[in-house]
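All chains, please: the whole structure from these sequences, using the hints.
As numbered in the numbering used here, residues 1 to 171 make up the sequence shown, in order.
Everything labelled a hint here was simulated from the structure, so no lab data went into it. Remember, it's a predicted structure, so these values are computed and weren't measured experimentally. The C-beta atom is built at its ideal place from N, Cα and C for all residues, glycine as well. Hints should not be assumed to be uniformly reliable.
[What the hints assert, rightly or not] Cross-link-like lysine-lysine pairs, in silico, DSSO-like; alpha carbons within 30 Å at most:
1) K132 / K100
2) K114 / K85
3) K100 / K114
4) K132 / K85
5) K132 / K114
6) K85 / K100
[Said to hold, decoys possible] For each label pair, taking beta carbons as the anchor points, the in silico distance ranges come out as:
7) G165 / D77: 16 to 22 Å
8) D47 / T75: 15 to 21 Å
9) T44 / T129: 23 to 29 Å
10) H108 / P72: 33 to 39 Å
11) D98 / R167: 17 to 23 Å
12) D86 / G54: 40 to 46 Å
13) D50 / K100: 17 to 23 Å
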Amino acid sequence: MTTTFKLAIAAGAFVLSGASAQANTIVDIAAGDARFSTLVAAVTAADLADTLSGPGPFTVYAPVNDAFAALPEGTVDTLLEPGNKDQLTNVLLYHVDDRKLTADMIPHGSNYFKPILNSERMCITSDATGVKIADGSGQMANVIVADIQAENGVIHVIDKVLLPGTRPACH
1 MTTTFKLAIA AGAFVLSGAS AQANTIVDIA AGDARFSTLV AAVTAADLAD TLSGPGPFTV
61 YAPVNDAFAA LPEGTVDTLL EPGNKDQLTN VLLYHVDDRK LTADMIPHGS NYFKPILNSE
121 RMCITSDATG VKIADGSGQM ANVIVADIQA ENGVIHVIDK VLLPGTRPAC H
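Shown next as C-alpha cells:
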C-alpha cells in the first residue's frame with residue numbers, strides 16, 4: 001500500500017514528507033531519515049536493529065540528532081563503546097513500548113507508561129498543548145512529530161533523549 005504524507009510543525013524546523021512511501025519497519029524509516037542518524041548508530045551498536053525490525057508492535061519515542069547532541073559532551077561516544085553496550089541498550093529500550101500507541105490513544109492528563117525496559121516508568125502527559133514525556137531524570141521531552149506509521153508500529157519524534165533513573169512524578 002502506498003501512502004503520501006506530509007506533516008509540518010509550526011516551528012518550521014521539521015517537515016517530514018514522503019511521496020509514495022512504502023510500508024517500512026521502524027528501523028527502515030529511521031535509517032532513511034538523516035535526522036535519526038545518531039539513533040540508528042546507537043540501535044546498531046546495541047544490536048537492536050533486528051528486534052525493532054521484527055513484527056512488533058512497537059511505539060518508539062525517537063530522539064533526533066540534536067537531542068543526542070544536547071547530552072553532556074562525550075556521552076554518546078561513551079555509550080557507543082562496546083564495553084557500554086548494556087547501558088546503551090537500557091537507554092534505548094527506555095524509548096520503546098511493546099504496544100502501538102498513536103497520539104490519540106494516549107489518555108488526556110498525566111499517566112505512567114511502562115517501556116520495554118521493565119525496571120523503569122515514564123510519565124506521559126497529553127493535553128491541549130501536545131504530548132510531553134517525563135523521564136527518570138525529571139526532564140521533559142516534547143513530541144515534535146507524532147504518529148509516523150510503520151508496518152510494525154509507530155514513531156513519535158522527540159526533542160530529548162529519555163534517560164532512566166528515579167520514577168518520574170506524574171502531575
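Each hint tested on the structure:
Restraint check: the Cα-Cα separation between K132 and K100 comes to about 17 Å, which is no more than 30 Å; the hinted pair holds. Our distance criterion of 30 Å between C-alpha atoms is met by K114 and K85, whose separation comes to about 22 Å. For the hint pairing K100 with K114, the CA-to-CA distance comes to about 13 Å; that is within 30 Å, so the pair holds. Annotation: proposed proximity of K132 to K85 holds, straight-line Cα distance about 28 Å (limit 30 Å).
A distance of roughly 15 Å separates the Cα atoms of K132 and K114; the hinted pair therefore holds under the 30 Å criterion. Simply put, K85 and K100 have alpha-carbon atoms about 26 Å apart, close enough for the 30 Å limit, and the pair holds. Between G165 and D77 the Cβ separation comes to about 21 Å, which falls inside the hinted range of 16 to 22 Å. A C-beta distance of roughly 20 Å is found between D47 and T75, which places it inside the suggested range of 15 to 21 Å.
For T44 and T129, the hinted distance range of 23 to 29 Å is not satisfied, since their beta carbons lie about 34 Å from each other. For H108 and P72, the Cβ-Cβ distance of about 34 Å falls inside the hinted range of 33 to 39 Å, so the restraint holds. A hinted range of 17 to 23 Å for the beta carbons of D98 and R167 is consistent with their spacing of about 19 Å. Under the hint 40 to 46 Å, the C-beta atoms of D86 and G54, about 21 Å apart, miss the expected range.
For D50 and K100, the Cβ-Cβ distance of about 19 Å falls inside the hinted range of 17 to 23 Å, so the restraint holds.
The earlier numbered hints that this structure contradicts are 9 and 12.
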